[in-house]
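Heads up: the protein sequence lines correspond to chains D and L, in order.
Per our numbering: the first sequence = residues 1 to 96.
Per our numbering: the second sequence = residues 1 to 96.
Careful, some of the hints might be misleading.
No copy is singled out in the list; a pair is fine if it fits within one copy or between any two copies.
[What the hints assert, rightly or not] Derived DSS-like pairs (lysine-lysine); straight-line CA-CA distance at most 30 Å:
| # | residue 1 | residue 2 |
| --- | --- | --- |
| 1 | Lys82 | Lys33 |
| 2 | Lys82 | Lys60 |
| 3 | Lys95 | Lys33 |
| 4 | Lys60 | Lys38 |
| 5 | Lys96 | Lys66 |
| 6 | Lys14 | Lys60 |
| 7 | Lys82 | Lys14 |
| 8 | Lys33 | Lys96 |
| 9 | Lys66 | Lys14 |
| 10 | Lys63 | Lys82 |
FYI, nobody ran anything at the bench for these hints, they're computed from the structure.
Small disclaimer: the values here were computed from a predicted structure and weren't measured.
Okay, here's what each chain looks like letter by letter:
Number of protein chains: 2
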Amino acid sequence: MTQNNSDVIFVGNKPPMSYVLAIITSLSAGNLKEITLKARGQAITTAVDAAEITRNRFIKDLKVSKIAIGTVEMPPREGETKSRMVSTMEITLTKK
Amino acid sequence: MTQNNSDVIFVGNKPPMSYVLAIITSLSAGNLKEITLKARGQAITTAVDAAEITRNRFIKDLKVSKIAIGTVEMPPREGETKSRMVSTMEITLTKK
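Bound-form chain D, shown alone (with noise of 0.2 Å):
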């Protein structure tokens, strides 16, 4: 797959309809085939919100090709000392 016809939507602490708009916006455009979510920490649940809304309700031959899960060192926040392991998970979509 070139870069071309992919695409990748950071998936953060909006409501999940707004990535489910992201990815119906993106597969409309052009030929684009495949689209992959990423998101970390609470965001994860929204990833996959994301992706089951559009796939059940708006684009019926949208598949799951693959699902990733692992893990990022974050820097520390304000008034912490120590780095954080943060979860993370990838969700690539593919229109048939």
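Fit chain L to the supplied structure of chain D, relying on the hints for placement.
Just chain L now, kept in the frame of chain D:
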């Protein structure tokens, strides 16, 4: 936490470390080689955390062999009239 004699752990709203201990306990008992974490809603993040903490800190030869996401319909909560769609996730960990 609900845990039966099989290789499934249901992840709820306890801290991730509770489930890490459940995973380690299950895998230490007998010749169990595989365990599946099941979670829904906000507990999805906890399931990812538990899997990652177990792999990174405790059982280094544990592999994520399968991840699946889905949706279930939940009955309405008290005071609500409509059922809700809730995201689910299953993470299968396999010991080499």
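Evaluated hints:
For a Cα distance limit of 30 Å, the shortest separation of lysine 82 from lysine 33 qualifies neither inside one copy, at 41 Å, nor across copies, at 34 Å. In this homomeric assembly, lysine 82 and lysine 60 come within 30 Å of each other (Cα to Cα) only across copies, at 23 Å, whereas the closest approach inside a single copy is 44 Å. Taking CA atoms no more than 30 Å apart as the test, lysine 95 paired with lysine 33 passes inside one copy only; the shortest distance there is 5 Å, against 35 Å between copies. Taking the closest pair of Cα atoms, lysine 60 and lysine 38 come within 30 Å of each other both inside a single copy (21 Å) and across two copies (25 Å).
When the C-alpha separation of lysine 96 and lysine 66 is checked against a cutoff of 30 Å, the pair qualifies both within a copy, at 14 Å, and between copies, at 22 Å. Taking the closest pair of Cα atoms, lysine 14 and lysine 60 come within 30 Å of each other only inside a single copy of the chain (24 Å); across copies the shortest separation is 35 Å, beyond that limit. Taking the closest pair of Cα atoms, lysine 82 and lysine 14 come within 30 Å of each other both inside a single copy (27 Å) and across two copies (23 Å). In the homo-oligomer, the alpha carbons of lysine 33 and lysine 96 lie at most 30 Å apart inside one protomer (8 Å), although the nearest pairing across protomers, at 35 Å, exceeds that limit.
In this assembly of identical chains, lysine 66 and lysine 14 lie within 30 Å of each other by CA distance both inside one copy and across copies; the values are 23 Å within and 28 Å between. Proximity of lysine 63 and lysine 82 under a CA criterion of 30 Å is satisfied inter-copy only: 28 Å between copies versus 39 Å inside one chain copy.
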